[in-house]
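2 protein chains.
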Amino acid sequence: MTAQSKSRKPRPARPAQATAASQPKVAPVPTPAAPPASAPVAVTGVGPQVVGLPRGFGRIPVAKVSPVIEGGAYPAKAVVGELIPIRAKVFREGHDAVNASVILSDPDGVELRVDMVPVEPVGLDPWEAWVRPDRAGDWSFRVEGWSDPWATWLHNAEAKLPAGVDIELVCLEGRALMERTAEAAEAAGDPVEASILRATAMLLIPQRDPSDLLEVATGAGIQRAMKAYGPRDLVTPTADFPLQVDRRQALFSSWYEFFPRSIGASYDPATKTWTSGTFDSCHTRLEEVAAMGFDVVYLPPIHPIGTAFRKGRNNTLIPRPADPGSPWAIGGPAGGHDAIHPDLGDFAAFDRFVAKANSLGLEVALDFALQASPDHPWVTTHPEWFTTRLDGTIAYAENPPKKYQDIYPINFDNDRDGLYREVLRILRLWIAHGVTIFRVDNPHTKPLEFWAWLMREIRTTNPEVLFLAEAFTRPEMMHALGKIGFHESYTYFTWRNEKWELEEYLTELSTEMDSFYRPNFFVNTPDINPAYLQGGNPAAFAIRAILAATLSPAWGVYSGYELFEHEPLKAGGEEYRDSEKYEYRPRDFAAEPNLNLLIGTLNQIRRDHPALQQLRQISFQHAPHDQVLAFAKTDGDDTVVVIVSLDQNNTVESDVYLDFAALGLAGASSVTLRDELTGATFTWTDRNFVRLTPAAPAHILHLVHQG
Amino acid sequence: MTAQSKSRKPRPARPAQATAASQPKVAPVPTPAAPPASAPVAVTGVGPQVVGLPRGFGRIPVAKVSPVIEGGAYPAKAVVGELIPIRAKVFREGHDAVNASVILSDPDGVELRVDMVPVEPVGLDPWEAWVRPDRAGDWSFRVEGWSDPWATWLHNAEAKLPAGVDIELVCLEGRALMERTAEAAEAAGDPVEASILRATAMLLIPQRDPSDLLEVATGAGIQRAMKAYGPRDLVTPTADFPLQVDRRQALFSSWYEFFPRSIGASYDPATKTWTSGTFDSCHTRLEEVAAMGFDVVYLPPIHPIGTAFRKGRNNTLIPRPADPGSPWAIGGPAGGHDAIHPDLGDFAAFDRFVAKANSLGLEVALDFALQASPDHPWVTTHPEWFTTRLDGTIAYAENPPKKYQDIYPINFDNDRDGLYREVLRILRLWIAHGVTIFRVDNPHTKPLEFWAWLMREIRTTNPEVLFLAEAFTRPEMMHALGKIGFHESYTYFTWRNEKWELEEYLTELSTEMDSFYRPNFFVNTPDINPAYLQGGNPAAFAIRAILAATLSPAWGVYSGYELFEHEPLKAGGEEYRDSEKYEYRPRDFAAEPNLNLLIGTLNQIRRDHPALQQLRQISFQHAPHDQVLAFAKTDGDDTVVVIVSLDQNNTVESDVYLDFAALGLAGASSVTLRDELTGATFTWTDRNFVRLTPAAPAHILHLVHQG
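Chain order of the listed sequences is G and Z.
Per my numbering, numbering of the first sequence is gapless, rising by one per residue and ending at 707.
Per my numbering, numbering of the second sequence is gapless, rising by one per residue and ending at 707.
Please note that a few of the clues may not be correct.
Identical copies look the same in the list; a pair holds intra-copy or inter-copy alike.
[Stated by the list, open to error] Simulated crosslink set (EDC-like; lysine to aspartate or glutamate; CA at most 20 Å straight-line):
1) Lys64 / Glu508
2) Lys64 / Glu512
3) Lys272 / Glu501
4) Lys356 / Asp578
Note that these hints are calculated values from the structure, not bench results.
It should be emphasised that the depicted structure is a prediction, and the values quoted were computed from it without experimental measurement.
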């Protein structure tokens with residue numbers, strides 16, 4: 001049996017939909033000789049698709065297909081409208097021409113063909129096509145390698161005609177190929193191309209001047225017709241690989257984190273008691289957060305907090321009566337993960353909070369910390385969900401010899417079915433109350449297969465729901481969490497301060513990790529007060545905000561950042577002094593100085609520029625100064641060049657070299673750039689001078705004109 | 001269902017067979033609680049095994065398993081007695097200890113467990129085990145990740161006991177683990193270990209001094225017992241991956257190529273005719289080849305040669321009547337690929353030739369060039385096995401506008417079944433006449449799937465038969481040929497002359513490519529007269545022979561090399577002048593000067609040293625001089641250090657630094673080395689001085705003593 005005869009279930013072809021772009025830009029073309037149109041094949045596909053796996057080389061070998069995650073066990077990830085590369089090694093025996101296509105299958109099973117092109121270094125046989133899925137759902141793709149008789153003939157004609165070799169035969173073969181292609185065009189309902197092909201065939205007259213014959217063979221019209229309907233022999237498909245297309249916010253979003261209990265909290269010195277902030281007292285703050293351009297508000301756990309072994313201010317072991325405890329010590333008499341802390345309000349108040357947020361264009365992300373305080377209802381109702389030690393006690397969290405007695409970790413292996421069902425119930429409860437994103441606390445301390453199962457279940461009913469992994473651990477686990485389904489992840493960004501570190505990390509994120517791990521660059525968190533910021537220098541806060549907001553399509557700010565909060569609990573440590581984790585922290589967000597304006601500007605620039613809403617197309621530009629980071633991002637026609645000083649204390653001056661060719665500006669002698677931070681306009685060549693100061697540490701330059 | 005409950009077909013365990021070695025050296029240990037012994041499960045496995053593929057992460061994640069070829073579609077390759085690394089990334093959630101084992105399955109399906117160990121850099125979670133398969137056949141392996149309660153306990157004990165924390169509980173848990181392990185030892189029929197475990201458990205008395213308790217927990221006896229019978233929880237197996245173990249000659253062999261028609265050929269000036277050499281006239285030459293220490297004689301095609309478009313001397317288009325033609329223009333009235341050129345003798349003569357070779361310890365490798373002269377019988381009996389062009393003629397080989405009209409390429413797609421069957425018949429014919437190796441001409445010009453099928457078929461009946469790919473093409477195809485089944489391949493060695501090129505190439509061969517591509521370093525071929533040799537300097541020939549014979553476990557020499565033949569047909573080209581491909585080339589192999597003695601010495605050194613019979617364990621050593629290449633190879637207790645000058649014209653002097661630690665000589669202050677080329681003995685430290693001359697361009701140093 002030849003590869004050609006491998007039968008594939010015919011599917012309706014969807015010609016020329018604008019959902020795919022190849023690189024260089026080539027319009028998608030219809031599959032020739034398409035099977036008769038019929039209703040699209042419905043695919044129930046909400047969970048990961050079951051896919052065949054590649055089983056070795058076929059007639060036309062296609063290898064190293066990407067993006068493929070763990071052999072196809074998990075889907076590669078993209079978002080709606082994102083330009084993503086599909087790559088493979090394609091090669092063949094002998095000297096005949098090889099070619100390749102991507103067959104993209106949308107969530108309804110409708111197929112679209114996109115031509116691949118060979119790319120550098122050609123000696124290593126890489127091919128690629130860039131595609132842009134136009135809606136969310138479970139897509140798939142395969143690569144087809146094929147023999148290209150027209151390219152083979154053209155290569156021969158170009159070698160033989162000028163040399164006067166085999167002219168009669170070359171013309172005969174060329175005419176036959178054109179006739180064959182005309183038939184395919186006719187079958188596809190394109191009589192015009194068919195006529196062009198037939199007429200061109202008549203021009204291949206051996207007696208003509210060879211250069212005239214070559215002109216006939218290489219004309220734009222015939223090339224276009226061949227590209228659309230030309231013969232594809234020995235078509236050899238790979239397996240179909242899953243591609244999960246999420247809503248755009250899975251990649252591009254701006255997060256703001258605050259503790260609702262702090263917003264509007266007040267202290268009565270007379271009674272030495274605190275009145276907690278509530279969901280209802282947060283509405284004004286939601287308006288301010290929306291005004292700064294954020295689109296996600298993320299709340300630490302909002303559940304009842306245990307009192308057993310409660311932590312006091314600054315993580316002390318003996319709390320004062322007024323200390324509210326850590327929101328991550330979940331569970332008390334008022335309930336567990338399915339309850340709301342009575343101080344914050346009830347479900348109706350939560351619903352009002354969500355409605356207010358949504359009315360402002362904000363989504364609500366809830367913390368999901370799968371652990372319990374000793375007072376959690378589960379401890380008595382389901383002790384099997386914890387680990388009972390040989391002395392009969394329930395195991396608390398430990399990092400021996402340190403003990404975290406306020407936290408009981410979950411045991412996932414004692415009652416898998418019961419626990420899994422309960423967790424699913426809880427998430428569905430919060431989804432029913434409008435939560436669309438879960439920020440998962442320490443997912444790397446729970447089994448991977450649990451998360452894989454949970455996210456698959458949620459995706460079945462709520463594909464719009466997103467999960468952010470708060471994992472700070474070794475690379476293999478970080479990667480694996482992304483592979484099994486987390487839509488986004490915390491990153492190493494807070495520890496990447498040097499220019500080489502940032503360049504190396506972003507290169508890794510945007511190439512090796514781009515199809516399974518989506519970074520969310522938080523500039524700070526309640527757990528991380530970065531060393532770079534601990535001097536309290538406003539320039540440092542501006543620099544890190546600019547880096548996060550422009551390097552990563554998703555970024556996040558934990559409240560207090562805009563007020564330059566920076567005191568560490570201990571020198572050399574990363575905990576905040578007077579950490580909000582253990583106490584109320586009402587703030588005057590209008591106090592001067594603050595970063596509100598810069599943050600709002602950054603979020604507006606991000607909304608204006610598709611280039612900043614994606615990660616895959618980033619290129620670092622050469623700036624000799626080691627405290628000047630320069631990079632460009634591009635999406636379609638939008639190009640943004642960012643130049644940032646990493647020196648929070650000193651003015652730096654440097655040349656910046658723009659790689660015009662790599663930016664698609666080959667041939668340009670200059671470009672006009674508008675600084676989106678200041679409105680100033682510059683004309684730059686491929687070598688430019690910048691001067692950056694602590695007060696104005698960056699340019700965010702939009703390419704508005706090419707000269 | 002938990003991962004633990006995934007049922008696997010129980011197989012008999014084979015305890016402690018000496019077929020596996022881990023790195024660092026750890027004796028294989030029996031699987032605890034082995035199922036009752038029964039007859040080994042017979043596996044018919046002579047073709048590639050059908051294997052499951054990894055389907056994502058399990059309870060204990062195991063990823064990036066190697067060696068796995070194209071997702072398990074093809075077997076990884078090893079030879080009998082070869083030390084091979086099995087690697088994986090193994091990690092888990094949280095803080096409990098993770099561990100991993102390799103389960104190796106021999107051709108009878110008998111399983112053997114080998115412990116894996118974590119290796120550097122530990123932050124990236126790599127684990128490995130080195131195994132040494134002890135016989136040929138279709139093996140398989142899987143990796144099992146598991147939770148290690150003993151290691152978890154030990155880690156806790158080491159943190160808690162000295163701190164005086166939870167001493168009672170730590171003792172309780174330790175005793176329970178020892179009791180559980182004692183039961184496993186008992187079940188495995190090891191009452192002694194069971195007793196040791198039970199007695200040790202009694203020593204964990206909380207009232208004792210903590211340092212005494214730690215001593216109990218970390219004693220050698222208890223560690224050994226735990227390694228053998230300790231608990232393995234949440235065992236999570238990967239799929240089983242195929243491992244094809246070939247006979248040793250697939251990796252380690254020394255090839256000599258000659259044209260039988262030249263051996264004993266004579267020219268009669270009177271009649272201007274040649275008398276061809278014959279199989280029978282080669283017997284003496286076989287003795288000489290064996291005396292030089294070779295183990296394979298490789299013959300260019302021995303079939304009838306076409307006369308249509310026959311090439312004359314020096315590849316001219318007009319042959320003289322006496323010109324014998326190229327052996328690769330296969331087929332004439334006397335037959336095709338299943339016939340012998342009448343000038344060489346008949347099948348009986350061929351059988352005598354093979355018998356003589358075998359009696360000398362030589363295998364016979366036959367060229368298999370799947371192409372035809374226009375006079376080949378297939379052209380008339382099976383024109384469908386060629387490509388008929390639109391003008392009715394059969395397509396000859398072309399590189400437009402160049403034509404190779406003496407060669408008709410095969411068309412593999414017209415009559416797949418008929419052609420495939422015929423090729424299989426031909427190979428079986430030659431195998432029946434004692435051919436054990438096929439050197440396949442230009443396999444990259446034929447479909448990969450054809451070769452995959454053919455080698456699978458041959459392996460079913462003749463697993464001892466080996467195939468050498470004569471492919472000089474792009475890396476993807478070179479790799480693919482190895483992956484689909486070629487046992488060995490020609491290489492880029494002849495074009496790697498600089499030190500950095502050799503280091504880079506050998507590193508690639510010995511790491512990335514080690515499990516699918518076995519190099520055979522030919523110093524020359526009838527098609528390749530390397531530029532480095534064209535000056536005719538005997539030192540150049542010695543240097544390249546030493547490099548090939550020591551860098552690669554397989555190397556090859558085409559006759560004439562030992563006589564320093566070096567004249568190119570054209571300056572800048574690689575064809576030999578008066579190439580033997582187109583004429584008789586009788587030689588006086590005893591003529592002085594020659595390389596016979598050096599070649600014999602090299603082959604003897606290769607036989608004496610297992611280190612030179614393998615590729616995976618090679619480490620380049622630092623020599624500041626860029627014309628001095630230094631490397632070490634190791635296998636088990638055998639270490640050979642090679643220092644070669646790459647300068648064929650000048651004396652070079654350099655320091656050579658030996659990396660004692662990397663060579664397993666940590667702590668040594670000096671080593672005693674014996675030069676296997678000269679017998680001289682040296683005492684070297686980690687820095688040494690060498691002086692290499694064109695007359696003595698290398699040291700091949702055997703490590704005989706560590707001081």
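* So which of those numbered hints doesn't the model satisfy? -> Failing hints, ascending: 3 and 4.
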